[in-house]
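What follows is the residue order along each chain.
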Amino acid sequence: MKLLEYQAKEVLQSFGLEIPPGRVARTPEEAAAAAREIGPVAVKAQVPVGGRGKAGGIKLAQTPEDAAVAAGQIIGMEIKGFRVPLVYCEGALDIKQEIYLGFTVDRDARANILMLSARGGMDIEAVAEETPDAISRLYPNPWRGPLDFEIRRLVFAAGLGDLVGPLTKVVRLLYRAIPERDALTAEINPLVVTGDGRVVAGDAKLETDENAAFRHKELEERYSTVIEGDQYEVEAKKRGLTYVSLNGDIGVIGNGAGLCMGTLDLVQRAGGQAANFCDIGGGAKAEVVKNALQVILMNPKVKGVLINVFGGITRADEVARGVVEARAALKMKLPLVVRLSGTNEEEGKRILRENGIEPGDNGWEAAQKIVELTR
Amino acid sequence: MILLTPESKVIVQGITGREGTFHAERMKEMGTRLVGGVSPGKGGGQHLGVPLFNTVAEAVAATGADATGIFVPPPFAADAIMEAAEAGLSLIVCITEGIPIQDMIRVKSYLKEFPRARLLGPNCPGLITPGVGKIGIIPAQISSPGAVGLVSRSGTLTYEAMAALTKAGLGQSTVVGIGGDPILGLSFSDVAELFEHDSQTTHLVLIGEIGGSDEERAAERLRGTRLKVAAFISGRTAPEGKRMGHAGAIVSGNRGTAKSKVEAFQAVGIPVAETTDQIVELLKA
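Heads up: the protein sequence lines correspond to chains B and P, in order. 302 is the number of the first residue of the first sequence in the numbering used here; add one for each residue after it. 54 is the number of the first residue of the second sequence in the numbering used here; add one for each residue after it.
Note that these hints are calculated values from the structure, not bench results. Some clues are possibly wrong.
What the hints assert, rightly or not - Calculated cross-link-like contacts (lysine-lysine; reagent style DSSO-like; alpha-carbon spacing at most 30 angstroms):
1. K518/B with K161/P
2. K161/P with K470/B
3. K161/P with K381/B
This structure is a prediction, so every number in the text was calculated from the model and none was measured.
This is chain B alone, in the form it adopts within the complex (with noise of 0.2 angstroms):
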């Protein structure tokens, strides 16, 4: 789960590190009650994306006034797909020094990493690909954490020695992220060092672990609700699918994430465009295929749908039946294309050929029939 700004912030705030004063607005007078209680504060919209601020999601407010306008343009707002449900209006601070502070999985590594810079800030990126040497990183033993003296190792490597009591501290509340929270991403940029010498987390991004949050279901109470991503994401969420929204009109399913992705790439040959993503998985029974078109169905721009499923262990002639069953239960009108293999081929493309199915005898050429059907 990708936490939003200030529920990163109220995590890191429990784990004992300093952020600047803020209050969260779900309306333009919360946002000028705000600005009462603290000041000139910057208005930010709270989506889990990068890039907010070029997309005109953050607007700084000296005063009640201004903080309730920007509110009021910033709440509703379209960011990337996620519509800003609210805003956190905080306080500014007397920058002296930005620092970059992250945690992060390194799959090659197959470890986590920890890397810490002098040159926080905006262009982190650029940094890393321009002079990689200026960020020092850690692969800290994952049974006990990064000891002290790594972390001063690690401080005094990114030239930041002046700081090294107050970052190894920070470096070590921020680590609780991982092993409490089950992290996959903690980061804080800018960390900032302020005008009389506190480090402050200017931002932070935090990245829990789906797979883990059996063991977290405080975490997953408490914020998951407030996020209000793509409505068709939502719902297939719900449906327990693996699910993603794409800008095109052709529906697909497949079952395995790889299969599906090769789908994607198949109709995107053919000159057409997917609507989604949707893997159901190895077995591919009935009920989750009806679940799977019920949520494509329900997205207006769909004009067809492309299944394209391999039988291993489930035989085609069951999934066939299955396809047969749900398309006739959502009275589905929409061109489909089924591309079956496996088990009981013959047998499947029999039974769909028979309810007026277009069977494919590959991926290829179903996406080419499926493109050809919705021109």
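Given the coordinates of chain B, work out where chain P should sit on it, guided by the hints.
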């Protein structure tokens, strides 16, 4: 053939569960030497005609097992992998999907103490040596014995490629699904290297997907290989993830994209198929 041979003695951890039972039965049907199962609390009993044990160590002592298939639920799977390594098994195949990533990072660190233990997966379909046996869930009926090695990150795409190979008369030496999780045991290059040293294998198919840079590293490892190789990359048109934060980009830079992978293979003279059916053509060319 690699990893799973006629000498391999296999146990299944989680054999009394629904998935464990179903797949252990299929494994046995195709001739895998299944010598026992582990199910804590049910030791002393029998299931599917093999003895049950409470711990992996007991199973190894009684049966001489050297390989395991793990079908236990995600919260307990990391522990099951470590138990298997500690008991001395040399091949550990973890089928379980949905293991917390931090659990797997700790497992990888723990496994350094057991250099003999090879982990395949998690979240993988396992492996099959046609005509000999399988550990995992790859359907045996679409396989046929032969000289093509196949290594893949995806499940169903593997089956698809296997079926196409079998249909074209190209049998397989061993088919290995390394799994789709961010933190894995054996990598593409580990498996490619095993095939390189296997005298039965003359051809190799690699089926990769976007993310990580295992494919790039495997391409480098296969420079000048004696094998005839074809690759396929899925996810070429997948949109960039809705990213937040910079940490991922700092770590991976431009690696991990479909383009980077395709170019890495082409740079060492390995052709990349546009569709799974083309894989066969490239091998036969």
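Please list, smallest to largest, the hint numbers that this structure does not respect. Failing hint: just 3.
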